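Chains S and L supply the protein sequences, listed in that same order. Going letter by letter, the first sequence gives residues 1 to 293 in the numbering used here. Going letter by letter, the second sequence gives residues 1 to 629 in the numbering used here.
Check before you lean on any hint, since a few could be wrong.
Unchecked claim - Straight-line alpha carbon distances no greater than 30 Å define the calculated DSBU-like cross-link-like pairs of lysine-lysine that follow:
{"#": "1", "chain 1": "S", "residue 1": "LYS12", "chain 2": "S", "residue 2": "LYS284"}
{"#": "2", "chain 1": "L", "residue 1": "LYS617", "chain 2": "L", "residue 2": "LYS500"}
{"#": "3", "chain 1": "L", "residue 1": "LYS472", "chain 2": "L", "residue 2": "LYS57"}
{"#": "4", "chain 1": "L", "residue 1": "LYS617", "chain 2": "S", "residue 2": "LYS244"}
{"#": "5", "chain 1": "S", "residue 1": "LYS244", "chain 2": "L", "residue 2": "LYS291"}
{"#": "6", "chain 1": "L", "residue 1": "LYS467", "chain 2": "L", "residue 2": "LYS53"}
{"#": "7", "chain 1": "L", "residue 1": "LYS412", "chain 2": "L", "residue 2": "LYS467"}
{"#": "8", "chain 1": "L", "residue 1": "LYS603", "chain 2": "S", "residue 2": "LYS244"}
{"#": "9", "chain 1": "L", "residue 1": "LYS602", "chain 2": "S", "residue 2": "LYS244"}
{"#": "10", "chain 1": "L", "residue 1": "LYS617", "chain 2": "S", "residue 2": "LYS12"}
{"#": "11", "chain 1": "L", "residue 1": "LYS85", "chain 2": "L", "residue 2": "LYS42"}
{"#": "12", "chain 1": "L", "residue 1": "LYS57", "chain 2": "L", "residue 2": "LYS527"}
{"#": "13", "chain 1": "S", "residue 1": "LYS112", "chain 2": "S", "residue 2": "LYS284"}
{"#": "14", "chain 1": "S", "residue 1": "LYS18", "chain 2": "L", "residue 2": "LYS617"}
{"#": "15", "chain 1": "L", "residue 1": "LYS53", "chain 2": "L", "residue 2": "LYS137"}
{"#": "16", "chain 1": "L", "residue 1": "LYS527", "chain 2": "L", "residue 2": "LYS512"}
{"#": "17", "chain 1": "L", "residue 1": "LYS535", "chain 2": "L", "residue 2": "LYS602"}
{"#": "18", "chain 1": "L", "residue 1": "LYS467", "chain 2": "L", "residue 2": "LYS527"}
If you're looking for bench data, these hints aren't it; they were derived computationally from the structure. The structure presented is a predicted model; accordingly, all values stated were derived computationally and were not measured.
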Amino acid sequence: MILRSIGLGLIKTIRLRKLIFLFWSVNLLLSLIFLLPYLSAFNRFFSERIVSRLLNQANVFTYYTEFFYFAQPLHLSRNSMLMGRLLILIISIVLSGGVISTLLQTDKVNWKNFWAECRRYLGRMLRLGLLQLSNVILFLAVSILGYLLVNYFLPSLFIEDIYFYSFIGWAGFAILFILIAFLLFDLTRIWLVQQNAPSVLTALRTAVVCFWRNPFQIYFVYFLQALFWTAVVIVYWVLQSCLKNNSVISILLEFVILQFFIWIQYWIRLSRFSALIYISEIDKNQKTAGNYE
Amino acid sequence: MRIIFLILLFCLPTAAQVIFQTPLSERNANYQIKATLDCQSKIVTATERLTWKNISKRSTSELQFHLYMNAFRNDSSTFLSQSRKRYPDAPAPSRQELGGIDIRQFVLNNSYDLLPAMEYIQPNDSNLHDSTVIRVKLPRSVRAGEEIVLEVEFTCRLPKIINRTGYSDDFFLLGQWFPKIGVLQDGGWHCHQFFPNSEFFADFGNYEVELTLPSQYITGSTGILLREERGDSLKTLYYRAEDVHDFAVVAWPKFRQEVREIEGIRVILLYAPEHSSQRERYMTAISNAIKYLNNWISPYPYPQLTLVDPPLHAFRAGGMEYPCFITGGAIWGIPAEFRFFPEEVTIHEYAHQYFYGILATNEAEEPWLDEGFTSYATLRMMNHTYGKSASLSELFNVQISQTDEYKGNYLKRPGLDIVWKSSWDFGPRAYGVNTYSKPALILQTLENYLGKAVMDTIIQKYYQNWKFRHPKTSDFLTLVNSVSGLDLGWYFEQALQSTKILDYALDSLNSKETNTIDSVNGRAITKYHNRVVIKRLGDFIFPVEIASILENGDTLRQNWNGADSIWLFENSTTSRIREVQVDPEQKIWLDLNWSNNSLMVKKNYFATFRHWLQMMKIYQQSMLGVLLF
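Isolated chain S (complex conformation) (with noise of 0.2 Å):
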């Protein structure tokens, strides 16, 4: 059922390519009006200079603090940098209704059809955003508690290594929370379009026993797309390690496969919704056929 939900939430992303594109056309879009006011920076700094040549040679880390401390619209451009990614939160939120509707319905992207599921769930879609965010408070006081609890039970004469491990092992549990957590509000996010949830609780609920009676399966979604991921990374860095960076073809070269890379990746994260949409039904499925025995 795993690899089956993910070769098919793969397969059906494919046919909705439109909808990567449109993802990945957003990202490109905020990347170059945000980053454009870095290209003047940049432009004194490693083409009228030799500094580009003494970057391969020693005082590498000293050439990199000069330019990040020198290169004054490198500062100006923080906050709207910052902004960038802001913004692009948003309009994931603003879309993610139009995105699950179509991977739920249609083999074909109807953008009619597309703009106006947006606009239906936008309201819960912010809410559930926003209990998301919550989220993030509610782990960053989980870990500082976890912080103190650590630091006050080892007595002062703690071993470094058993030190090492807490918190080792303190930061293992926080990626599962993330995860986990991560995991649940995808699954709402699905609940709530499937089910058209008049409120996003009843949503959370509802994938939590989704999550409860498939954890394996769902966990294991997660962890094949990340290989995946790791797979398609790797490509990545071998593929760039090759090009030699010194012609315009091989700067555009290496721009192409940067978008293809990031192009992939939205494939990726797409794909896996609609890997647990998959899970979902049949879950769905299972408590129907459940209900009539």
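Dock chain L against chain S, hints included.
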């Protein structure tokens, strides 16, 4: 034969007591201390017999002593109150964690009770809550060249480990733990209060220390262990150190010990068991440092060095220097590519054996003389041992060198304060950069200006002329002028006594092609008219070299004294200029911004886009990170 054997046997205990047949220093402050460390109450109970000789040219009617431990006696002491202001987030010690020292008895020449004549003084800040310095009025003056004997009984309550002294559970570092006489110099006492930034200053002498503590403790100290007497549960250790100006002891039952002979020096490494994997890193670092300084300056004169690796819970004991005794610092599992710990700290603290231990400068009044010179030595040793490009770290392929560290620190706070001033006068955050990083850059710039051979001669002569004495900044500056044959007052005045910033920038570069006809053969000649503008952005004036590199590979070199704030030079060349570099060999390490030292005629847009693309990668990927699905 039997007679010879008997004579040898008779002489052996005496010979074992003496380390140097000929004294290396004036030995005017000699201590005999009998101390007992109560590991439960964290209290040292001791008697101290100090034989002190007035080696100044004047008589004195009073004595001044350091009671450094009283810095931790109450929250209002200068040390703790200033620490709280400077580091408000640092946890304050609780009442049980405070320390202090009490003098029970104070007798002069076995006859005069000095206790009633003892008073706390605050020579630096008039803080009446500070009791780190005492003054004792004498019944009669001690004449120049006269020797007196003082017997002091004291108890020292150790604080929870702070500023490289105290206890942490069953770990003990006894630093600045006994009443220590100040230095009578130039007609006055140099005995300053203990400030968070200030370190120490004392006269040379011999130390005979008897320390009684529980038998299970493993110890190390400034001195050589002469013998050990074991009782039922306690043991007494007999240590001796000669020609040193302080005495530190470390004790912890869990220490492991490794002893190696390096260049004739007995190196004792006391390390925490959890750091056993880093034992070799410590030994390699100390071995490299010993060899380097033996060659560069002079062989280490003492027979022994104790290197202490404190456990993590006593990390505040790390990174400290005492004579023949240094503390390093390591963290369990730290990768070998990351050399801030234990390599850099070990090398730095060992360099202090020369620039503090032997050249016993006044760390409180002129802190740059010990930390600055030590940082300069660290820079040389780290770059020599681990390579110039990544001497400090190459973890995850991020290359950080010792130069990067010092330049980075200086870059953040370039004009915050001057270098040559007392430690307690530094404002917040100004001490570190002005005593460590900037002086290292000043000395490296001086080395590059004078040449390595001249600088080496200066350092070697500085050592030879001033070893086991108390050199001052003025002594070093006089020596520099004498060895180099130059008057470098203009440099030191700007570097040490001003906040002037040194920054040259290549402002513009134009190369215009002109065609003329040769009057002799009538041929067309192509020449390039070049116009270069260089600016001095800071007030610091320093002569600088400018290199114009032509497209045909030739290099034209010119010198500019930097006196004016702007310099324009024009010339004609038969080949087009490719680039111009100010300070092409990067000799001026004090230059705040190396990046603006060059310009190219032909723009390298590849470099721009290559680096911009890196930023694009990071940004586009980070955009994916904030996506909610």
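Right, here's what the structure says about each hint:
1. S/LYS12 with S/LYS284: Given that 30 Å is the threshold and the Cα spacing comes to 20 Å, the pair holds.
2. L/LYS617 with L/LYS500: violated, 40 Å
3. L/LYS472 with L/LYS57: holds, 18 Å
4. L/LYS617 with S/LYS244: Given pair L/LYS617, S/LYS244 holds - Cα atoms ~17 Å apart, limit 30 Å.
5. S/LYS244 with L/LYS291: violated, 42 Å
6. L/LYS467 with L/LYS53: Holds - the C-alpha atoms of L/LYS53 and L/LYS467 are around 19 Å apart, at most 30 Å.
7. L/LYS412 with L/LYS467: violated, 35 Å
8. L/LYS603 with S/LYS244: holds, 19 Å
9. L/LYS602 with S/LYS244: Satisfied, since the Cα-Cα distance of roughly 20 Å is no more than 30 Å.
10. L/LYS617 with S/LYS12: holds, 28 Å
11. L/LYS85 with L/LYS42: With Cα atoms ~28 Å apart, L/LYS85 and L/LYS42 stay inside 30 Å; holds.
12. L/LYS57 with L/LYS527: violated, 72 Å
13. S/LYS112 with S/LYS284: holds, 28 Å
14. S/LYS18 with L/LYS617: Judged against 30 Å, a Cα distance of about 23 Å means the pair holds.
15. L/LYS53 with L/LYS137: With Cα atoms ~16 Å apart, L/LYS53 and L/LYS137 stay inside 30 Å; holds.
16. L/LYS527 with L/LYS512: holds, 8 Å
17. L/LYS535 with L/LYS602: Status holds; Cα separation ~21 Å.
18. L/LYS467 with L/LYS527: violated, 60 Å
Hint compliance for this structure: hints 2, 5, 7, 12 and 18 are broken, all remaining hints hold.
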